[in-house]
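Undergrad: Heads up: the protein sequence lines correspond to chains G and R, in order. When we follow my numbering, the leftmost residue of the first sequence carries the number 166, and every step to the right adds one. When we follow my numbering, the leftmost residue of the second sequence carries the number 22, and every step to the right adds one.
Source of the hints: derived by calculation from the structure; they are not laboratory data. The structure presented is a predicted model; accordingly, all values stated were derived computationally and were not measured. All residues carry an ideal CB built from backbone N, CA and C; glycine is no exception.
What follows is a set of in silico ranges between Cβ atoms, one per label pair, in the way DEER data are often shown: (1) G:363 / R:132: 28 to 34 Å; (2) R:290 / G:229: 54 to 60 Å; (3) R:264 / G:167: 51 to 57 Å.
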Amino acid sequence: MTEVRQEKVDLWGGKLTVTVSVAGSGPPLLYLHQAAGLAWDPFLEHLAGTHTVYAPQFPGTTMGDPYSIHVIDNLSDMVLAYEELVRALGLENPVVVGQSFGGMLAAELAAFFPKLTDRLVLLAPLGLWRDDAPVTNLLAASAEQLPGILFHNPQVAAAAMAVPEDPETAVAATSQMVWSLGCAGKFIWPIPDRGLRDRLHRITSNTLIVWGGQDAFVPARYAADFADLIAHSKVAMIEQSGHLPQVEQFEQTAAAVDEFLS
Amino acid sequence: MKILMFGQAAYRFLPADFAQRYDSVCDTPYALVSKDGMYSSVRHFIDEMVFGARCGFDGVSLTEHGQSSYDVMPNPNVVAGSLAYLTETEDLPVAIYPMGRSLGKSREPVKVAEEYAMIDVMSGGRLIAGFPVGLSYDASINNGVPPIEVRGRFHENLELVLRAWRDQEPFAFNGKHVQYPQVNVWPRPLQEQPPVWLTGVGNPATMQLVLERGFGFNFFGFAGSRLTAQRIFPRFWELAEQSSMARNPYRVGFLQHVAVADTDAKAEQLYAKHIEYAFHTGLGAIPHEKLAVPGGIDIRGVQALLRDPSDFGMYWQMRSASLNDLIESGTVIVGSPATVRDQLTELCQQHSIGNLHAMLSFGSMPPEMAQGNIKLFADEVAPHLRGLWADSGFEHHWWPERLGGKPSGATAKAAKEEVSVS
Numbered sequence: 166m167t168e169v170r171q172e173k174v175d176l177w178g179g180k181l182t183v184t185v186s187v188a189g190s191g192p193p194l195l196y197l198h199q200a201a202g203l204a205w206d207p208f209l210e211h212l213a214g215t216h217t218v219y220a221p222q223f224p225g226t227t228m229g230d231p232y233s234i235h236v237i238d239n240l241s242d243m244v245l246a247y248e249e250l251v252r253a254l255g256l257e258n259p260v261v262v263g264q265s266f267g268g269m270l271a272a273e274l275a276a277f278f279p280k281l282t283d284r285l286v287l288l289a290p291l292g293l294w295r296d297d298a299p300v301t302n303l304l305a306a307s308a309e310q311l312p313g314i315l316f317h318n319p320q321v322a323a324a325a326m327a328v329p330e331d332p333e334t335a336v337a338a339t340s341q342m343v344w345s346l347g348c349a350g351k352f353i354w355p356i357p358d359r360g361l362r363d364r365l366h367r368i369t370s371n372t373l374i375v376w377g378g379q380d381a382f383v384p385a386r387y388a389a390d391f392a393d394l395i396a397h398s399k400v401a402m403i404e405q406s407g408h409l410p411q412v413e414q415f416e417q418t419a420a421a422v423d424e425f426l427s
Numbered sequence: 022m023k024i025l026m027f028g029q030a031a032y033r034f035l036p037a038d039f040a041q042r043y044d045s046v047c048d049t050p051y052a053l054v055s056k057d058g059m060y061s062s063v064r065h066f067i068d069e070m071v072f073g074a075r076c077g078f079d080g081v082s083l084t085e086h087g088q089s090s091y092d093v094m095p096n097p098n099v100v101a102g103s104l105a106y107l108t109e110t111e112d113l114p115v116a117i118y119p120m121g122r123s124l125g126k127s128r129e130p131v132k133v134a135e136e137y138a139m140i141d142v143m144s145g146g147r148l149i150a151g152f153p154v155g156l157s158y159d160a161s162i163n164n165g166v167p168p169i170e171v172r173g174r175f176h177e178n179l180e181l182v183l184r185a186w187r188d189q190e191p192f193a194f195n196g197k198h199v200q201y202p203q204v205n206v207w208p209r210p211l212q213e214q215p216p217v218w219l220t221g222v223g224n225p226a227t228m229q230l231v232l233e234r235g236f237g238f239n240f241f242g243f244a245g246s247r248l249t250a251q252r253i254f255p256r257f258w259e260l261a262e263q264s265s266m267a268r269n270p271y272r273v274g275f276l277q278h279v280a281v282a283d284t285d286a287k288a289e290q291l292y293a294k295h296i297e298y299a300f301h302t303g304l305g306a307i308p309h310e311k312l313a314v315p316g317g318i319d320i321r322g323v324q325a326l327l328r329d330p331s332d333f334g335m336y337w338q339m340r341s342a343s344l345n346d347l348i349e350s351g352t353v354i355v356g357s358p359a360t361v362r363d364q365l366t367e368l369c370q371q372h373s374i375g376n377l378h379a380m381l382s383f384g385s386m387p388p389e390m391a392q393g394n395i396k397l398f399a400d401e402v403a404p405h406l407r408g409l410w411a412d413s414g415f416e417h418h419w420w421p422e423r424l425g426g427k428p429s430g431a432t433a434k435a436a437k438e439e440v441s442v443s
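I would like the entire structure built from these sequences, with the hints used as guidance.
TA: In structure tokens, the structure reads:
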């Protein structure tokens with residue numbers, strides 16, 4: 166397994182410290198994780214085989230530093246902070262990959278700063294809203310509902326959402342996951358629409374939109390909306406997959422992303 | 022000892038299988054409601070509050086809950102206003118106590134300051150101002166406030182409301198959550214500052230705020246007073262002691278369901294099905310996740326709850342709890358006047374409770390039964406409790422002056438001065 170090292174980067178006039186997980190070698194790739202927090206999974210491991218992966222942990226989601234979520238209050242400032250992060254890390258034209266909430270941030274970053282990247286991968290991004298296909302309110306769901314919202318295959322869900330056996334480890338992991346969802350909620354509650362639809366036209370990057378065909382959180386219908394609004398984009402629809410195609414259908418998803426990046 | 026009549030406007034005609042099929046908040050189908058049922062539920066509720074005021078209670082208190090079947094009270098000030106006017110016209114010396122407008126959810130805090138001021142004026146200075154943070158589902162689902170911002174909004178709004186009452190000159194307010202170019206509310210309260218109370222669920226941060234700012238502290242025994250009071254009140258008094266604050270019982274309020282009849286056996290027989298209705302279809306039917314939307318509880322609070330969920334008493338089993346379990350855990354105190362006053366006396370003495378909110382109409386009670394309970398409590402129980410702290414030497418700094426309280430300006434100042442005399 167690739168060695169993952171943690172880098173701490175001071176941003177926002179010194180008021181915000183972001184922890185970045187870094188691994189692999191090759192051209193830079195910025196990975197923005199989903200609402201529940203960063204998990205170093207086989208997909209990231211795969212990306213680190215061809216790129217140097219930089220995976221910043223969203224403010225508040227780093228274990229032991231929950232209150233940095235209170236530093237930045239609005240989405241545009243958060244996008245500016247991420248742009249600062251890209252410069253602070255010295256990344257030149259990184260590939261930007263974002264999953265779910267991270268996909269929304271990735272799209273915002275590319276819309277605010279069209280020259281920041283020329284290759285963008287959005288895995289089931291949040292950020293748009295349709296009354297005829299409402300996004301499920303993940304944060305209001307019960308623990309029993311969560312697996313069915315996030316996954317198509319219950320066995321994959323059970324494995325992915327297993328709670329650690331040691332009670333104190335379980336408390337630390339569960340409380341951090343709940344808090345991390347709350348941190349994302351600052352920017353997606355009550356409706357995950359902060360006007361991205363009006364900004365997507367600014368994206369000039371070549372963009373791959375990946376979606377699980379059976380996504381019960383953000384319906385696959387949204388893939389076409391992103392594709393319609395981003396000029397140089399294409400969609401890879403992954404069947405037999407819920408909201409996390411890189412987990413549920415790793416091979417297909419990795420192949421689609423590899424092809425796009427090659 | 023101050024004894025208040027507390028009420029919630031439960032919808033009283035839910036189907037028998039409600040608790041198995043529906044939740045009591047947010048997505049409860051309104052198709053379950055009939056127009057007559059809603060009218061009489063609300064009408065009976067207000068009638069009973071008025072009846073309580075006429076029976077000699079020291080105050081009437083009520084809560085705010087949006088989109089819920091167990092308390093149809095989207096803004097308690099609507100009813101508090103009607104109670105303020107009516108008790109004024111009848112010259113009834115009762116405190117009007119909305120517990121009250123949630124400041125964690127309010128996007129119009131100046132409106133809250135104005136509403137409370139209006140009630141204080143209408144009642145001739147009898148308002149007690151409750152400011153809860155707000156329940157997670159109410160603040161975030163019903164009102165759309167991001168959960169992680171609820172507490173910050175509460176703090177900011179509270180400062181704004183108190184300043185809006187206090188400052189003589191108009192001021193601009195540049196908050197994180199709300200901005201106003203000019204605040205200059207009309208009317209201001211008649212009281213220099215109406216007594217301020219916060220209701221907590223056990224979070225030490227809320228208790229600390231109460232102590233630092235000289236507010237009163239409320240706790241509700243909904244989840245079983247025998248399970249929760251012994252956890253919450255010692256925690257509060259320990260924090261008070263650490264801050265060198267006197268153990269003045271008047272700064273603590275407690276809410277308890279009470280069902281009283283001539284004998285113990287008769288009380289249990291009379292009220293059984295209404296007790297079950299109240300808890301199975303009310304608090305018991307609020308899903309866990311609706312009370313803890315992620316971000317709404319601080320991460321340390323989540324950790325504390327995961328390690329030990331006992332602050333919530335028997336809430337976790339409440340939806341299908343037996344009558345016996347509900348009574349045993351103290352969700353309701355049931356019995357003859359002697360039984361009830363003995364149990365309440367012990368509870369109040371043990372935890373230094375100087376304000377008792379008796380919930381006497383609940384669940385599906387028909388109005389005659391509710392009024393019987395209210396009257397019997399007022400005549401046979403309350404008089405025995407009222408003198409409980411008469412010889413304690415403490416003054417009530419969290420009660421309107423017109424009703425015999427000694428707020429002496431800001432309650433914080435008074436509470437601090439008391440440290441030196443106790």
